[in-house]
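Q: Take any residue in the sequence shown, note its place counting from 1, add 262, and you have its number in our numbering.
Calculated directly from the structure, the hints in this document are not laboratory data.
Honestly, I wouldn't trust all of these hints.
Here are the simulated DSS-like pairs of lysine-lysine, each with C-alpha atoms no more than 25 angstroms apart in a straight line [stated by the list, open to error]:
{"no.": "1", "residue 1": "K700", "residue 2": "K357"}
{"no.": "2", "residue 1": "K398", "residue 2": "K357"}
{"no.": "3", "residue 1": "K728", "residue 2": "K394"}
{"no.": "4", "residue 1": "K728", "residue 2": "K700"}
{"no.": "5", "residue 1": "K298", "residue 2": "K622"}
{"no.": "6", "residue 1": "K331", "residue 2": "K298"}
{"no.": "7", "residue 1": "K728", "residue 2": "K702"}
{"no.": "8", "residue 1": "K394", "residue 2": "K357"}
Computed beta-carbon distance windows for the label pairs [to be verified]:
{"no.": "9", "residue 1": "D589", "residue 2": "L519", "range": "31 to 41 angstroms"}
{"no.": "10", "residue 1": "P296", "residue 2": "E654", "range": "35 to 45 angstroms"}
{"no.": "11", "residue 1": "P731", "residue 2": "T668", "range": "35 to 45 angstroms"}
{"no.": "12", "residue 1": "S544", "residue 2": "L486", "range": "24 to 34 angstroms"}
{"no.": "13", "residue 1": "D411", "residue 2": "R680", "range": "19 to 29 angstroms"}
{"no.": "14", "residue 1": "R431", "residue 2": "A540", "range": "52 to 62 angstroms"}
{"no.": "15", "residue 1": "P484", "residue 2": "G301", "range": "30 to 40 angstroms"}
{"no.": "16", "residue 1": "I476", "residue 2": "R413", "range": "15 to 25 angstroms"}
{"no.": "17", "residue 1": "E654", "residue 2": "R583", "range": "13 to 23 angstroms"}
{"no.": "18", "residue 1": "D411", "residue 2": "V489", "range": "44 to 54 angstroms"}
{"no.": "19", "residue 1": "R285", "residue 2": "T730", "range": "16 to 26 angstroms"}
Computed from a prediction, not measured in an experiment: that's the story for all the values here.
Cβ coordinates follow ideal geometry from the N, Cα and C atoms, glycine included.
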Amino acid sequence: MALLDDVSEIQDTHALTRQRFERTSFMGDSTLPPVKLEGLPPGPGWPALVETIALFRYRHRFHLWLRNKYGPTFTVNLMPGGRPLVLFTRPEDIKEIFAGDPEVFHAGKGNAILGPIMGEHSLLLQDSSQHKRARKLLMPAFNGHALRDYRDLVIDLARDEVAHWPTGRTFESLPRMNTLTLEVILRVVFGVTDEDRLAALRPCVNATVDVNPIVLLAWGYPQLQKVGPWKKVVDNQHALDELMYAEIRDRRTAPDLATRTDVLSRLIREGQDSTDPADRLSDMELRDQLVTLLLAGHETTATALAWALYELGRNPDLMSRAQEAADSSDGDGDAWLDAVMKESLRLHPVIPMVVRTLMKPTTVGGFDLPVGTTVGPSIIVTHSADNYERAEEFDPTRFLGHNPPTNTWIPFGGGARRCIGAGFAAMEGVAILREVLKVKNVHTDHEDRPRVRNITSVPDQGARIKVTPR
263 MALLDDVSEI QDTHALTRQR FERTSFMGDS TLPPVKLEGL PPGPGWPALV ETIALFRYRH
323 RFHLWLRNKY GPTFTVNLMP GGRPLVLFTR PEDIKEIFAG DPEVFHAGKG NAILGPIMGE
383 HSLLLQDSSQ HKRARKLLMP AFNGHALRDY RDLVIDLARD EVAHWPTGRT FESLPRMNTL
443 TLEVILRVVF GVTDEDRLAA LRPCVNATVD VNPIVLLAWG YPQLQKVGPW KKVVDNQHAL
503 DELMYAEIRD RRTAPDLATR TDVLSRLIRE GQDSTDPADR LSDMELRDQL VTLLLAGHET
563 TATALAWALY ELGRNPDLMS RAQEAADSSD GDGDAWLDAV MKESLRLHPV IPMVVRTLMK
623 PTTVGGFDLP VGTTVGPSII VTHSADNYER AEEFDPTRFL GHNPPTNTWI PFGGGARRCI
683 GAGFAAMEGV AILREVLKVK NVHTDHEDRP RVRNITSVPD QGARIKVTPR
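Take these sequences, add in the hints, and give me the full structure.
A: Structural data, given as structure tokens:
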């Protein structure tokens, strides 16, 4: 499969990228009125810049400090424009947010910082009828039958990756898991098999995942896009879009499209027989949804897996139980490994919060909030001692045979906007853990803690482990 080399097509692709940059930014919604802090739940009252830095850079301590100082509901004043963010931590309040009217609780505006990368058609940036339509078109690619089709390829990729791990020497598991989950995205989701295109995509995808939120915060100033880190992002997005549009065009005419099982091929086939354009995804929509799946499903799953191995390696009893589960061929084994992944996501949240912007005055948790207020649960606090006994301990049995109380475990959000890839992430995590633990003993002899990496949190030392053959 040749890389795109038609000059006119490249120029058209570049025009689409420039158009996306022009139409998306993190400068706020000018149609929403400014929100005054008076009458909102308590908060520090510091300058918006200081609170924004604290929330992004020191989130693990800041969320808990806010909870301890101001109670279960608190307000943070954010850049740009000083728009307040009200964070909730009680399950009953979180339920109100997740069950709220989608016409009132808009998620797209709260995720606007990702607009220049994900694009305006992204499921995370759409609201109301647009979101409902996109979710309907995407859902068939993530149902139970589709997940079973993906599983064998995930297993093959995991088996090959683990075979290349060093033996008896400490190494960082996070980069290895990032490499593996990236390959899953490229082959299982994007469906790319051509080695030349894979080689070209990998650095572009890694650079996209590494985009710093500080870069995106200033995206509303076009002059910055010509210098420094902003220019690097622009150049990388042009390169990535060129490759992705080429893959989409090639796939639409692929002779084996009808039998391919990857996510992209399934999305292209969806609505193919309909005469109504609303029943299928355009090339631009496909590009935006694929990048969304990439950003939402690559580093998050890799981080959860790295933390899971790190925690198992610290506890010989849990390691032994997990290896028994990996060796098992029945559903109980999968249930135990699934519990390990869930506990990893509870104890080490990858995403700190999920947010909604109010389009009408609304009462949440007993507070009357004006239009334009952004609200959401703090995942960091919700997963902590407020709702779990011995919350600092890694204990997968919390998730065996029962689920935790509703809205106390929310790594994938909730309600009508719960992450569409949650089932895929669970399948992928269990399959990869099984392949590791079937052939390796895992030992952890280094302490680690979370570190902020862009919008996610990752192990500061890379979740260093040592493996030996079983």
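Q: Are K728 and K700 close enough, with their CA atoms no more than 25 angstroms apart?
A: 15 angstroms, holds
Q: Is the hinted range of 35 to 45 angstroms satisfied by the C-beta distance from P731 to T668?
A: For P731 and T668 the Cβ distance comes to about 43 angstroms; the hint holds.
Q: Are K728 and K394 close enough, with their CA atoms no more than 25 angstroms apart?
A: Roughly 46 angstroms between the alpha carbons, so the hint for K728 and K394 is violated.
Q: Using the Cβ atoms, figure out if D411 sits within 44 to 54 angstroms of V489.
A: 46 angstroms, holds
Q: Is 19 to 29 angstroms a correct range for the gap between the Cβ atoms of D411 and R680?
A: At roughly 22 angstroms between Cβ atoms, R680 and D411 fall inside 19 to 29 angstroms, so the hint holds.
Q: K398 and K357: Cα distance at most 25 angstroms?
A: 23 angstroms, holds
Q: Could you tell me whether the CB distance from E654 to R583 stays inside 13 to 23 angstroms?
A: 20 angstroms, holds
Q: Could you see if the CB distance from P296 to E654 stays within 35 to 45 angstroms?
A: For P296 and E654 the Cβ distance comes to about 40 angstroms; the hint holds.
Q: Lying within 31 to 41 angstroms: is that true of the beta-carbon distance D589 to L519?
A: This hint holds: roughly 39 angstroms between Cβ atoms.
Q: Quick check: does the Cβ-Cβ distance between R285 and T730 fall within 16 to 26 angstroms?
A: 53 angstroms, violated
Q: Using the beta carbons of S544 and L486, state whether their distance is inside 24 to 34 angstroms or not.
A: Between S544 and L486, where Cβ atoms are some 30 angstroms apart, the hint holds.
Q: Take the C-beta atom of R431 and the C-beta atom of A540, compute their distance, and say whether it sits inside 52 to 62 angstroms.
A: 55 angstroms, holds
Hint compliance for this structure: hints 1, 3, 16, 19 are broken, all remaining hints hold.
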